[in-house]
Structure formats: C-alpha cells, structure tokens
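Sequences and hints are given; from them, build the entire structure.
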Amino acid sequence: GAGVSQTPSNKVTEKGKYVELRCDPISGHTALYWYRQSLGQGPEFLIYFQGTGAADDSGLPNDRFFAVRPEGSVSTLKIQRTERGDSAVYLCASSSTGLETQYFGPGTRLLVL
Amino acid sequence: QQQVKQSPQSLIVQKGGISIINCAYENTAFDYFPWYQQFPGKGPALLIAIRPDVSEKKEGRFTISFNKSAKQFSLHIMDSQPGDSATYFCAASRGGADGLTFGKGTHLIIQP
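Sequence lines, in order, name chains A and B. Here our numbering = 1-based position in the first sequence + 98. Here our numbering = 1-based position in the second sequence + 7.
Because the hints were derived from the structure by calculation, they are not lab data. None of the values given here were measured: they were computed from a predicted structure. Among these hints, one or two may not hold up.
[Claimed, not checked] For the chain A half of the interface with chain B, some residues (derived, Cβ under 7 Å), not all of them:
hint	residue
1	Y131
2	P141
3	F143
4	A186
5	L189
6	T199
7	P204
8	G205
[To be verified] Cross-link-like lysine-lysine pairs, in silico, DSSO-like; alpha carbons within 27 Å at most:
hint	chain 1	residue 1	chain 2	residue 2
9	B	K64	B	K22
10	B	K75	B	K65
11	B	K78	B	K12
12	B	K49	B	K65
13	A	K113	A	K176
14	B	K111	A	K109
15	B	K49	B	K12
16	B	K78	A	K176
17	B	K64	B	K12
18	B	K22	B	K75
19	A	K109	B	K49
20	B	K12	A	K176
All C-beta atoms, glycine included, are put in the ideal place defined by N, C-alpha and C.
Shown next, in the form of structure tokens:
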C-alpha cells in the first residue's frame, strides 16, 4: 500500500517568506508526527496529532511554526517569516492507533536563502 | 540537554563482520526503544524495537541488547553486508504514541 507522502520534495524560499509543507499519512493512521532533521543530526520532534487535535506541540521551536490537521488526515506545517536557520529536512510520520511504530515519509528539504 | 547519546559517530566494518552501535539515555520514563535505518534522501525506516521488560530481542541479523540498570542499549548487526551501509539512529519514547527522541546517528560503512 501507499506510504507516507510529503510535498513538495524540495522547497527554496527567501528569508522572511511564508511556507507550507504538506503530509499525507498512511490511510487509516490516526497519529501523525512532524520532525525536523538538520544536516548530520537525528530527527527532532516538533508536534504530534491524534486525530484532528494537537496532542503534543512541545517541540515547536517558536510561534513562527504552526501545524494543522483539520480533517484528521492530511496535515500542513506552516512556517512564518522564515529564517536561514529553518533550513532542514522536515519529516512527517504516521502510526496506527495504539501502536508505537512510526512510518516516515521521504521528507521535504527546505532551503531558506 | 541531549537525552539520547549515540556512539560511535561513524563506523567502518568489513563485510561479514559484526557492527555494534551504542546508545545511552537519561530519562527513566522512556519505555520504548526503536532503531531506525536511513539511506541518503530517504526517511528513516524502523529496523527493530525493544521495551525494557526484556534484555534482548533478535530479528534476523539484527539484535538489540538492553541494560535497564545502566540505561544503555545497543544494536548488533551480524554478518554485515554492503547493503547495510546507511545511517542508523537509536531513539526512545515514553511509549504509546509519544514523539521519539533520537540520537545523533551513526554513519555505517560496510567494506566489501
């Protein structure tokens, strides 16, 4: 079956601009996660959704970052007033209810010039 | 504060040898410990995972050893193959559906 998909695969933007990154989880998965992976580092947890609500947003670095999942499926990570330090790969993962295994998408590579 | 420390940063092993990667954690509330494999340009993929009620888990050529008192766990790859060359991450969470805390990764190269 189809895995987690993320669009776009690459995004280049200028400092100060607004970007949206999209995640399509595996069909039927109720839990959805966003992570950020900087070059040479492990993924860093940002936010976790259970259904439509954000169950844990403790990893969001500041109020420029926001994520939504209005219908409990597709999620969008939104970054306002982008900074060069936001350049990273943004990974999305999903898991089935009650199970711990998280399945990752290929990521969106964000470059802020 | 880095909650999961991983070593070594890089590792070169001959084909057929055993690759060993180590991790240590600080948060005693962690109770789920997965290992992920990542190839360049791809997302991480789950290899094997363990919970602290067992000291070892084996799946094929991959084994996790877990030492709860020392707060350490390790990944052993037996009969390492060139196709195993990738970056490996240990991770930990409080179980259930919590977000994962990852180590910094180990870049593994298997020489033919």
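Do the hints match the structure? See the list:
1. Below 7 Å, beta-carbon pairs count as interface contacts, and Y131 of chain A has one with chain B at about 6 Å; its hint therefore holds.
2. Of the supplied interface hints, the one on P141 of chain A holds, with its beta-carbon coming within about 5 Å of a beta-carbon of chain B, less than 7 Å.
3. At about 4 Å, the closest approach between the beta carbon of F143 of chain A and any beta carbon in chain B falls short of 7 Å, and the interface hint on this residue holds.
4. At a threshold of 7 Å, the smallest CB-CB gap from A186 of chain A to chain B is about 13 Å, leaving the interface hint violated.
5. Satisfaction of the interface hint for L189 of chain A is found here, the shortest Cβ-Cβ separation to chain B being roughly 6 Å, below the 7 Å cut-off.
6. Annotation: interface hint on T199 of chain A holds; nearest CB of chain B at approximately 6 Å, less than 7 Å.
7. The criterion of a C-beta within 7 Å of any C-beta in chain B is met by P204 of chain A, whose closest approach is roughly 5 Å, and the hint holds.
8. Annotation: G205 of chain A was flagged as interfacial toward chain B, and the flag holds, the nearest CB pair being 6 Å apart, inside 7 Å.
9. For the given pair, K64 of chain B sits about 23 Å from K22 of chain B by alpha-carbon distance, which is consistent with the 27 Å threshold.
10. Distance restraint check for K75 of chain B and K65 of chain B: the Cα-Cα separation of roughly 17 Å lies within the 27 Å cut-off, and the hinted pair is therefore satisfied.
11. At roughly 11 Å between alpha-carbon atoms, K78 of chain B and K12 of chain B fall within 27 Å of each other, so this suggested pair holds.
12. The suggested pairing of K49 of chain B with K65 of chain B holds, with an alpha-carbon distance near 25 Å, which does not exceed 27 Å.
13. Restraint check: the Cα-Cα separation between K113 of chain A and K176 of chain A comes to about 14 Å, which is no more than 27 Å; the hinted pair holds.
14. For the proposed pair K111 of chain B and K109 of chain A, the alpha carbon gap of about 24 Å is at most 27 Å, so the pair holds.
15. A hinted pair counts as satisfied when its Cα atoms are at most 27 Å apart, and K49 of chain B with K12 of chain B qualifies at roughly 23 Å.
16. Between K78 of chain B and K176 of chain A the CA atoms are separated by roughly 37 Å; this puts the pair beyond 27 Å, and the hint is violated.
17. For a cut-off of 27 Å, the pair hint linking K64 of chain B to K12 of chain B stands: about 21 Å separates their Cα positions.
18. Distance restraint check for K22 of chain B and K75 of chain B: the Cα-Cα separation of roughly 31 Å exceeds the 27 Å cut-off, and the hinted pair is therefore not satisfied.
19. Annotation: proposed proximity of K109 of chain A to K49 of chain B holds, straight-line Cα distance about 16 Å (limit 27 Å).
20. Restraint check for K12 of chain B and K176 of chain A: the C-alpha separation of about 30 Å exceeds 27 Å, so the hint is violated.
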